[in-house]
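Number of protein chains: 10
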Amino acid sequence: MLYHIRMDVNLPPDLDPEERADLLAREKEYSQKLQREGKWPHLWRIAGEYANVSVVDLADHDELHSVLSGLPLFPYMNIEVTPLAVHPNKING
Amino acid sequence: MLYHIRMDVNLPPDLDPEERADLLAREKEYSQKLQREGKWPHLWRIAGEYANVSVVDLADHDELHSVLSGLPLFPYMNIEVTPLAVHPNKING
Amino acid sequence: MLYHIRMDVNLPPDLDPEERADLLAREKEYSQKLQREGKWPHLWRIAGEYANVSVVDLADHDELHSVLSGLPLFPYMNIEVTPLAVHPNKING
Amino acid sequence: MLYHIRMDVNLPPDLDPEERADLLAREKEYSQKLQREGKWPHLWRIAGEYANVSVVDLADHDELHSVLSGLPLFPYMNIEVTPLAVHPNKING
Amino acid sequence: MLYHIRMDVNLPPDLDPEERADLLAREKEYSQKLQREGKWPHLWRIAGEYANVSVVDLADHDELHSVLSGLPLFPYMNIEVTPLAVHPNKING
Amino acid sequence: MLYHIRMDVNLPPDLDPEERADLLAREKEYSQKLQREGKWPHLWRIAGEYANVSVVDLADHDELHSVLSGLPLFPYMNIEVTPLAVHPNKING
Amino acid sequence: MLYHIRMDVNLPPDLDPEERADLLAREKEYSQKLQREGKWPHLWRIAGEYANVSVVDLADHDELHSVLSGLPLFPYMNIEVTPLAVHPNKING
Amino acid sequence: MLYHIRMDVNLPPDLDPEERADLLAREKEYSQKLQREGKWPHLWRIAGEYANVSVVDLADHDELHSVLSGLPLFPYMNIEVTPLAVHPNKING
Amino acid sequence: MLYHIRMDVNLPPDLDPEERADLLAREKEYSQKLQREGKWPHLWRIAGEYANVSVVDLADHDELHSVLSGLPLFPYMNIEVTPLAVHPNKING
Amino acid sequence: MLYHIRMDVNLPPDLDPEERADLLAREKEYSQKLQREGKWPHLWRIAGEYANVSVVDLADHDELHSVLSGLPLFPYMNIEVTPLAVHPNKING
Chain L
1 MLYHIRMDVN LPPDLDPEER ADLLAREKEY SQKLQREGKW PHLWRIAGEY ANVSVVDLAD
61 HDELHSVLSG LPLFPYMNIE VTPLAVHPNK ING
Chain Z
101 MLYHIRMDVN LPPDLDPEER ADLLAREKEY SQKLQREGKW PHLWRIAGEY ANVSVVDLAD
161 HDELHSVLSG LPLFPYMNIE VTPLAVHPNK ING
Chain V
201 MLYHIRMDVN LPPDLDPEER ADLLAREKEY SQKLQREGKW PHLWRIAGEY ANVSVVDLAD
261 HDELHSVLSG LPLFPYMNIE VTPLAVHPNK ING
Chain A
301 MLYHIRMDVN LPPDLDPEER ADLLAREKEY SQKLQREGKW PHLWRIAGEY ANVSVVDLAD
361 HDELHSVLSG LPLFPYMNIE VTPLAVHPNK ING
Chain F
401 MLYHIRMDVN LPPDLDPEER ADLLAREKEY SQKLQREGKW PHLWRIAGEY ANVSVVDLAD
461 HDELHSVLSG LPLFPYMNIE VTPLAVHPNK ING
Chain H
501 MLYHIRMDVN LPPDLDPEER ADLLAREKEY SQKLQREGKW PHLWRIAGEY ANVSVVDLAD
561 HDELHSVLSG LPLFPYMNIE VTPLAVHPNK ING
Chain S
601 MLYHIRMDVN LPPDLDPEER ADLLAREKEY SQKLQREGKW PHLWRIAGEY ANVSVVDLAD
661 HDELHSVLSG LPLFPYMNIE VTPLAVHPNK ING
Chain X
701 MLYHIRMDVN LPPDLDPEER ADLLAREKEY SQKLQREGKW PHLWRIAGEY ANVSVVDLAD
761 HDELHSVLSG LPLFPYMNIE VTPLAVHPNK ING
Chain E
801 MLYHIRMDVN LPPDLDPEER ADLLAREKEY SQKLQREGKW PHLWRIAGEY ANVSVVDLAD
861 HDELHSVLSG LPLFPYMNIE VTPLAVHPNK ING
Chain P
901 MLYHIRMDVN LPPDLDPEER ADLLAREKEY SQKLQREGKW PHLWRIAGEY ANVSVVDLAD
961 HDELHSVLSG LPLFPYMNIE VTPLAVHPNK ING
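Quick mapping for you: the protein sequence lines, in order, are chains L, Z, V, A, F, H, S, X, E and P.
Residues in the first sequence are numbered consecutively from 1, following the working numbering.
Residues in the second sequence are numbered consecutively from 101, following the working numbering.
Residues in the third sequence are numbered consecutively from 201, following the working numbering.
Residues in the fourth sequence are numbered consecutively from 301, following the working numbering.
Residues in the fifth sequence are numbered consecutively from 401, following the working numbering.
Residues in the sixth sequence are numbered consecutively from 501, following the working numbering.
Residues in the seventh sequence are numbered consecutively from 601, following the working numbering.
Residues in the eighth sequence are numbered consecutively from 701, following the working numbering.
Residues in the ninth sequence are numbered consecutively from 801, following the working numbering.
Residues in the tenth sequence are numbered consecutively from 901, following the working numbering.
No wet-lab data here; the hints were simulated from the structure.
Be careful, since some hints might not be right.
Output of the computed footprint for chain A on chain F, the stretches with three or more beta carbons under 8 angstroms from beta carbons of chain A [claimed, not checked]:
no., stretch
1, 421-435
2, 484-490
Pairs of lysine to aspartate or glutamate residues, derived as DMTMM-like cross-links and limited to a Cα-Cα distance of at most 20 angstroms, are as follows [said to hold, decoys possible]:
no., chain 1, residue 1, chain 2, residue 2
3, H, 539, H, 563
4, A, 328, A, 357
5, H, 539, E, 849
6, X, 790, P, 922
7, V, 239, V, 262
8, Z, 139, P, 962
9, V, 290, L, 63
10, X, 790, P, 949
11, A, 390, V, 237
12, F, 439, A, 362
13, S, 690, E, 862
14, X, 790, E, 862
15, Z, 190, Z, 157
16, V, 239, V, 229
17, P, 933, P, 916
18, H, 590, F, 449
19, Z, 133, Z, 163
Derived CB-CB ranges, DEER-like [said to hold, decoys possible]:
no., chain 1, residue 1, chain 2, residue 2, range
20, X, 712, S, 628, 25 to 35 angstroms
21, Z, 109, P, 937, 39 to 49 angstroms
22, A, 359, H, 515, 47 to 57 angstroms
23, F, 413, X, 720, 17 to 27 angstroms
24, E, 820, Z, 110, 27 to 37 angstroms
We treat Cβ as the ideally placed atom computed from N, Cα and C, and that holds for glycine.
Assemble the whole structure, with the sequences as input and the hints as a guide.
Quick look at the structure:
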């Protein structure tokens, strides 16, 4: 089941550089594990902002909450979730 | 070049049914032609709303405007455009 | 799977009274059929507004869109969808 | 009398972990006591956000304020209250 | 039980003058009946706007919805409801 | 002359408890003195929020600013002022 | 007593030209009468918008409401009222 | 003196096609005359929207209002004006 | 040339009292110098808020930016600028 | 390809003055290098605000993100990106 997610990251500019680097490394690892499992099929940077647009493919709302609240950057993000349905004009790929 | 588009459709409830059917048929044809050309790779319905989330793949901003303003439903839509860049955490498919 | 829905109804004050009565009768029938099927477990009026808060229990986003876009009042409503997950503090009933 | 409540939690990321754990434990205990008393019949997590949707069943506005302002997390929350009335389309369970 | 209500009236400027006069006369009668019953203790005009601030004193949310949705101007108003509790600094009159 | 005031209080959760208690005691004393003088006829808590709705009765805008900016909690509040006029439907008490 | 007023005018583009001319003529006459009486000391056009910023000098909120609701363009305007007090840094002219 | 202008056009979809064509032709002529006079140095289409971003170079606020309110599309536009100053980091061209 | 300015001041409640007093003294001196030069003809306190409405009379946008960014409180303010033109209904004083 | 950018700078008032001076010097150097390369053709200060309006001319969204996220002030800015297309009424310079 597909969910459209927009994540806006608000890291304090005075965050300890080591803590920041560690956070970002763990975020990358976490995100790439989910991508390899096929659960995070789309991930784009919003040009000019510290934000991304994602589409995730998960079993249900509980898995969605578990995946998003487990993001290392979760305490620093605003997240907006939009459930996606099939569009009647979509052609088969 | 990828653009993230959100389109919200506001058709007046009292639109003439024939005009409405004609508009929707032309919208479908227009959209599917662009899909077949590879210019509209993603198209999802926002569940519960008369709206969609799309990702289009076009040469530049002028082609983007030409494609969007040519939509038969363009006069009835609010459109929000977000340019997408590569995300550094994205793995190759 | 549970979805929280807020629906705000905007019927034009000058709508033909018969058309209005017919719309509302069909809305009631549609809503009550879904309630009897267990798909619309909660339905409350927001006090003082022509609006409701609902919780629906459906198979997936596609069924959600089908149910909501099939509402007779759909062309006259603003709808806001929020996916609900289990809360860790919730006790069993 | 039913009230619909949305609570958004804003804990500072640098909150002392022990203080945080203590806060969350007290919040859980407080919430579950009210649930056992039948005063907090519905509690859902908003998927992907540190937020919940609740329905509480209380005697009046004063009890409502007493219950909400007594939440251990109250100083860290934005709370939105919506009074709920019976919906005319609701069928008996 | 006290509720704070803000009502904003949006009458179309081209409303038939007779219909308008009739609406306003019925609104006045309806409002004054509730005032005489002690159910609408405060009613002020917001200076410079076609809007009012009211405090109503009603048994519960269902009576609130019944009272507000029965206003002759209801189809032309935006209504915002805020439940009021006792303030701890309030002295007895 | 009547002014409708909404005050939202934003005390930092980590405020020194003694400073907080002192602030609140001074706020109470200040508010009650104005109530006893008949200048603050209505004061209600907004149920579920650290906020109040007030109606104050003062000579003019300068006295209004003097009264509000003198509130001990003034540096921690958002304040919204709405001038109130007589409503034509109001009956005499 | 001074009030800061912002008025935004929303005349329908298809308003009958004669009705429009009549409205604007009456608005001008009404406004200039108040200016000559010293009740409307400041009146500026917001550059690029069909809107104005005004400062009016009136006895109280009731006169304010009477003056504003009597504007011929009142049914077509959004009006925002802000009470003005003396600024402590203001020097005498 | 430079002003940054954003114009959003809201033409009703059911506008008479001839009236629409006439409006657009006059808008074009009006805009190009100002461009040739050097008063409208920048004019861009916002990609995907019926809107533009402009920079105009005019003598003062009165000329600005005269130019903008004279636009044939003025009754159908929302206009946002932002005065522009020299940026200290700007290099000479 | 006239500009309408709204300034909202956000001084942190825990600002060092001496620094605060110094800031306010410098702000007063700065403002009064401009008033004496005829560049700041109107200055009002917004009743009940730490904010003001001003009208300044300056040569151009560059002088405007220089004047406003030189305010000692500038780093603590939100500023909103609106260019003012002559209103066609304005009578001569 | 042209992008319209609005940047709002939020430097904390208590930033260390040396760090602040260094940031601003690096921002200036960075910006001027891009201007000399022809990649930042327009740069204006928004009069009265710590903000600018820019037009940048870059190869694609990835270069845009690289340029903007490399700004020394990036962690302190809100950035809004709008893709610009050719306007049909634009005359050749």
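Here's how the hints hold up against the structure:
1. 421-435: As far as the stretch 421-435 of chain F goes, the hint is violated, because 0 residues have Cβ atoms under 8 angstroms from chain A.
2. 484-490: This one holds; 3 residues, not fewer than the three required, reach chain A with a Cβ under 8 angstroms.
3. H:539 / H:563: 10 angstroms, holds
4. A:328 / A:357: Holds. Residue 328 (chain A) to residue 357 (chain A) sits at ~18 angstroms (cutoff 20 angstroms).
5. H:539 / E:849: Judged against 20 angstroms, a Cα distance of about 19 angstroms means the pair holds.
6. X:790 / P:922: With a Cα-Cα distance of about 18 angstroms, the restraint between residue 790 (chain X) and residue 922 (chain P) holds, given a limit of 20 angstroms.
7. V:239 / V:262: Holds. Residue 239 (chain V) to residue 262 (chain V) sits at ~14 angstroms (cutoff 20 angstroms).
8. Z:139 / P:962: Holds - the C-alpha atoms of residue 962 (chain P) and residue 139 (chain Z) are around 19 angstroms apart, at most 20 angstroms.
9. V:290 / L:63: 17 angstroms, holds
10. X:790 / P:949: With a Cα-Cα distance of about 17 angstroms, the restraint between residue 790 (chain X) and residue 949 (chain P) holds, given a limit of 20 angstroms.
11. A:390 / V:237: Holds, at about 13 angstroms.
12. F:439 / A:362: 19 angstroms, holds
13. S:690 / E:862: Answer violated: residue 690 (chain S) to residue 862 (chain E) is near 24 angstroms, above 20 angstroms.
14. X:790 / E:862: With a Cα-Cα distance of about 14 angstroms, the restraint between residue 790 (chain X) and residue 862 (chain E) holds, given a limit of 20 angstroms.
15. Z:190 / Z:157: Since the Cα atoms of residue 190 (chain Z) and residue 157 (chain Z) sit roughly 18 angstroms apart, the hinted pair holds (cutoff 20 angstroms).
16. V:239 / V:229: 14 angstroms, holds
17. P:933 / P:916: Outside the cut-off at roughly 26 angstroms; violated.
18. H:590 / F:449: Holds: residue 590 (chain H) and residue 449 (chain F) sit about 17 angstroms apart, inside 20 angstroms.
19. Z:133 / Z:163: Roughly 15 angstroms separates the two Cα atoms, so the pair holds.
20. X:712 / S:628: 25 to 35 angstroms: Roughly 29 angstroms apart at Cβ, these two residues keep to the hinted range, so it holds.
21. Z:109 / P:937: 39 to 49 angstroms: The hint (39 to 49 angstroms, Cβ to Cβ) holds, given that residue 109 (chain Z) and residue 937 (chain P) are roughly 42 angstroms apart.
22. A:359 / H:515: 47 to 57 angstroms: 32 angstroms, violated
23. F:413 / X:720: 17 to 27 angstroms: 25 angstroms, holds
24. E:820 / Z:110: 27 to 37 angstroms: Distance hint for residue 820 (chain E), residue 110 (chain Z) is violated at roughly 50 angstroms.
Of the numbered hints given earlier, the model fails hints 1, 13, 17, 22 and 24; all others are met.
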